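Chain A is already provided as a structure; the job is to place chains B, C and D on it using the hints.
Protein chains: 4
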Amino acid sequence: MNTLGTSFKITTFGESHGNCIGVVIDGCPAGLRINVDHIQKELDRRRPGQSSVTTSRSETDTLEILSGIFHGYTTGSPICMIIPNKSTDSSFYEENWMYPRPGHADFTAYYKYGGFNDNRGGGMFSGRITASFVIAGAIAKQLLSESLNIKILAYTSSIGGISISPTNLTEIIGEVDQNIVRCPDPVKAKEMINAIEKAKQEGDSLGGAIDCVAINTPIGLGEPLFDTLEGDLAKAIFSIPAVKAIEFGAGTKFSQMKGSEANDQYLVANGIIKTSSNNSGGILGGISNGMPIIIKTTLKPTPSIRKHQNTINIVNKNEKDLSTQGRHDPCIVPRAVPVIEAVVAIVLADHAIKAGFIKHVLEKLE
Amino acid sequence: MNTLGTSFKITTFGESHGNCIGVVIDGCPAGLRINVDHIQKELDRRRPGQSSVTTSRSETDTLEILSGIFHGYTTGSPICMIIPNKSTDSSFYEENWMYPRPGHADFTAYYKYGGFNDNRGGGMFSGRITASFVIAGAIAKQLLSESLNIKILAYTSSIGGISISPTNLTEIIGEVDQNIVRCPDPVKAKEMINAIEKAKQEGDSLGGAIDCVAINTPIGLGEPLFDTLEGDLAKAIFSIPAVKAIEFGAGTKFSQMKGSEANDQYLVANGIIKTSSNNSGGILGGISNGMPIIIKTTLKPTPSIRKHQNTINIVNKNEKDLSTQGRHDPCIVPRAVPVIEAVVAIVLADHAIKAGFIKHVLEKLE
Amino acid sequence: MNTLGTSFKITTFGESHGNCIGVVIDGCPAGLRINVDHIQKELDRRRPGQSSVTTSRSETDTLEILSGIFHGYTTGSPICMIIPNKSTDSSFYEENWMYPRPGHADFTAYYKYGGFNDNRGGGMFSGRITASFVIAGAIAKQLLSESLNIKILAYTSSIGGISISPTNLTEIIGEVDQNIVRCPDPVKAKEMINAIEKAKQEGDSLGGAIDCVAINTPIGLGEPLFDTLEGDLAKAIFSIPAVKAIEFGAGTKFSQMKGSEANDQYLVANGIIKTSSNNSGGILGGISNGMPIIIKTTLKPTPSIRKHQNTINIVNKNEKDLSTQGRHDPCIVPRAVPVIEAVVAIVLADHAIKAGFIKHVLEKLE
Amino acid sequence: MNTLGTSFKITTFGESHGNCIGVVIDGCPAGLRINVDHIQKELDRRRPGQSSVTTSRSETDTLEILSGIFHGYTTGSPICMIIPNKSTDSSFYEENWMYPRPGHADFTAYYKYGGFNDNRGGGMFSGRITASFVIAGAIAKQLLSESLNIKILAYTSSIGGISISPTNLTEIIGEVDQNIVRCPDPVKAKEMINAIEKAKQEGDSLGGAIDCVAINTPIGLGEPLFDTLEGDLAKAIFSIPAVKAIEFGAGTKFSQMKGSEANDQYLVANGIIKTSSNNSGGILGGISNGMPIIIKTTLKPTPSIRKHQNTINIVNKNEKDLSTQGRHDPCIVPRAVPVIEAVVAIVLADHAIKAGFIKHVLEKLE
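Protein chains in written order, with our numbering: chain A, 1 to 366; chain B, 367 to 732; chain C, 733 to 1098; chain D, 1099 to 1464.
Hint data in this document are derived by calculation from the structure and do not stem from the laboratory.
One or more of the hints may lead you astray.
Unchecked claim - Each computed PhoX-like pair below joins lysine-lysine, with the alpha-carbon atoms no more than 25 Å apart: (1) B:K624 x A:K253; (2) A:K274 x A:K151; (3) A:K307 x A:K320; (4) D:K1298 x A:K359.
All values derive from a computational prediction rather than experimental measurement.
Extracted from the complex, chain A is given alone in its bound form:
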């Protein structure tokens, strides 16, 4: 339910308009020096109100540590961290709880929880819950980087039909955070920003896609038959609200390919076995093959729009014309970039520990 992973395990809690958003991280090896500034910086990349294309809800998302860190290091006991909710305005939700917003979880949540769910701002279904992923992901990133030199980079590859050409790692590393849509192609970035501004003015919203690359992954992450790396990455990424499609490597393009085009052939470069192409996205048989892991995620447009839509009164089933007020992102893709990175880091950390690539204690007894 609200716990993900088996070896590096996270449990999330909190609601959009409650006291806080939090996460318990269990299984992080002892002896990892925690860089708290890095966690906060990652939160800052996700936080609302960071630019003109994001929601106007203003939260500092300031990290508080409740447990699990001692003398600056992980101890082997569960790490609990929270961020408080400060800028909440629940008036729209209190007046409109009986009108499920199209595209949101309001309708399904109401039925699943018998109407007892906290609907304010989407409650636990709000994208705000992903701040907890970012916290846990920052720790996972530190662990992966420190232990295995694994780096995870995501970027916006498409918004509102504007897509970038295949890009290279240098561009990504240099450019992603240089613009407010986190797109490594500065020309396309401008087009995307314009498209978002236009949609915002029209009371509408835009969808898009995020590409993510993980480099320096060892050969052997992934546990067949069911706990494949693809399966676990997909399952975790589908926890991010708005995600509706996931592709690895050549992804949906495989349907038009021949085997002779699709197969990545083997060669030896500098004594290391590699593949000449990477259509498989670094995963074969559910197991990492040492090539970069390539994931594409499609996100639907933010469902909250000012444009009028049909809905019904969930109690008496009368029809209702609804314009969603409140504060929303006209396009969630830019803020989802650090979230995708975080989730990928969490899953890779889980698998790296499980497969024995990271020890349970990082440094030595004196």
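Positioned in the frame of chain A, the structure of chains B, C and D alone reads:
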């Protein structure tokens, strides 16, 4: 690892060229009358050698029941079923174990298991393991149909770039098994068959896509935040060899849509709340909303091809030119159709029990 | 690791001398009215400094709710609750971290976590972590009572060799909290108090045993073969520091019995099938049979004693004579009584949901 | 349910009077050379009909390997092994299914599974299912011995009130299988045999206790807070039918001890930190401390007795006088000795892998 699910739980075993393929199904409610013929019929839809577009390996895949059925009903104890392997020819693999076939799991399996893996026919990584999914899926289908009238239908929507237009349920139900590619559009089916025959002659293979629909699903399947219906379906489907992308509802098309186009608006029809479109594919916030569940899966071309490819000797790293012999499907998509249905049934059964829609005992004490 | 249960699932965090002790409760059905006073009252039964036979550490253990409650009801989202640590004095531990205290987890924790563990007051191994069990247990008790009228009662049956005779439910309900050792026999209670006072004066400590009874449990809790009710109760109870033995029903006495004495024979009373005796402690084949569930738990004496003991310097392996200072309970048994009740409640709630006896939503949609 | 463990994971299936008893072992590291004779020898120690004090049901319990072994080594894929059932006589059960046998799971199984359970010979609740533990345990023993030199030895310490004095490892190793009750004290063994013979003649049965020792366990097995070594051992051991109490180290005697007697003090012997006594049974804070692990298990008398007992007709609730016919052990303790060893081995293997003491591949790639 080799166990999937929590309430309706399957554990698979067996290798392509070992004694058998088998599955243990745990958590199936007691009191389900098991139709053994239906299970065999589902296996027949998947079995090799069924048509001119499938592998020439000939297996009857005859079901044997080892446990869990008493007087024709499930008992609440684990159900174990197997099919024997009879038509195995391991000569190619014994001679070529040190040459990983491009696109297969040979390379990753070798490293993950230190060279101890049974490589014959791909061992546990062979598509043959999916016969165990079909067995478990047939039981899941019987359970879902009997308890909730849920029906699951998959069909080939694309092969080698030949794609069908959106279709309707009546066509699917009537046509899917009428042709050997399991495509409900008979004209496109012929084109697909021709394309496969051509690829086969060229020593090549084709990829494609399968659409799957589940109808009559209740509102409320799926456990947020991490055990979403999308996430669990995706994770399970990625266990099927060759799957590289998964989409729900409008899937990758969401990246080009506006919120006002993407959102499914609510209306009341015959007293029931529905949506006017189904872009969400029947799932909102990770929870089923009562509309048909729509899943598109992309499968890569069969990696085994006669065409020559580069590989390396995994021990001494010398390069090697390889033509994969053995018996293979020139396109795995048609045989994967019943497998997708089976996996979707398994996940829905798991969630339906977990969410309380199916009782642990189906009928009454006398 | 720090998560227990599958349907009613708790995740704990915090250390004895850190910021707080906390727990996330996941899977509690929506629609349970939460009585916060009852939770606090249960915490008060466990809190340190409550009587002359407990530690002098003084904590109010005041409950704070971080998530999961809305309008006084559970919402279906994770409930997070914490109590702050206020009265911490870590001086002894800072000076003595290299001298593992005999009988404590210091030695094993040091090796398992490479010396990175927070050793102050035992860190996560402190009995203080059981406050989180009491919080979760109070919610489980409310759920079990509200849904199934299940009541769980524990009491001290033995301290320092002073044991009570078999007692009856009326006595237990009336007397348990009437004395500071929570023993329903007032005469024996006085003897126990005297024995504890004497041990305290000698700088020593005492062990004991706690009996626990759960009544009104339905027939059918427990999932064979491995998730038996006995197994899950035992596993959870062994999480309580100091527990070293667990018995169900006649327990260790079974080794001296004949089958004809041990078997509980069936009879019908008021139309209900019961057993004439209850040696099985309400569990047969790992499944509850409707009779009271009877559990006896043995706890070792508090390891912290002022009496001098041999230990070693864990770094240089020199021997050391140690007198454990700090604030400790001369006998932990009285404070463990509400903890045992809590843990039993958590396990029964988990099984009751899993077996379908409690619905996922407790009340109706309007 | 029927799956135990997370890293070394077993899934059992089969019924007493069905086709077979079987087990799937998942997570066993690749590269373990499997000694099939040893597995069969362990099965022979458990098999029925082995001596005058066991049931007269005669089964050879001959091992069949279905998957997971290739060239004599484990491959990393699931190992499935079965033993067929050959000597079944279900006549008593077919005539008496409506009369639950006192002390058996008949009553609870009937209610839990709505009467659909296979009641013949107890079905899945039969002690015969423990043959699957012995198979998996034999592999776990080979793994533990090969990797860490861990040895696990159990023996009968008490039957029908006849108990042995504390014994030493040399005696246990030499004597356990020298007599049919598996008691290392030959004088007491004779008394026990006489007591069993007498009970058998009277149509009655006897309970008893088994002690188990595991040596050479490293420091650090066990995952607090909830996956303690004690908790996981207890949970697994309670899966063995007839087990009603579990103690570690001094066990129930702790209730009468003072801290100064109970604590195991530290000393250094040959450069290694040890404890002067081992009251803790090798486990502190739920984690192994390097001293021998000591477990005492109490088993109730076999419920099946010829002596007349009261039961009821489960359908119409009429009373019934029942004499259990069929073939039963007058005392199950001697045959449970290898089962206890097996279960302890399974749990230790699971924890040893989880804690990183055993690699996922045992030998090297060439």
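Results for each hint:
1. B:K624 x A:K253: Measuring from Cα to Cα gives roughly 24 Å; hence the hint holds.
2. A:K274 x A:K151: holds, 19 Å
3. A:K307 x A:K320: Given pair K307 (chain A), K320 (chain A) holds - Cα atoms ~13 Å apart, limit 25 Å.
4. D:K1298 x A:K359: Answer violated: K1298 (chain D) to K359 (chain A) is near 55 Å, above 25 Å.
In summary, the structure is inconsistent with hint 4 from the numbered list given earlier, while agreeing with all the others.
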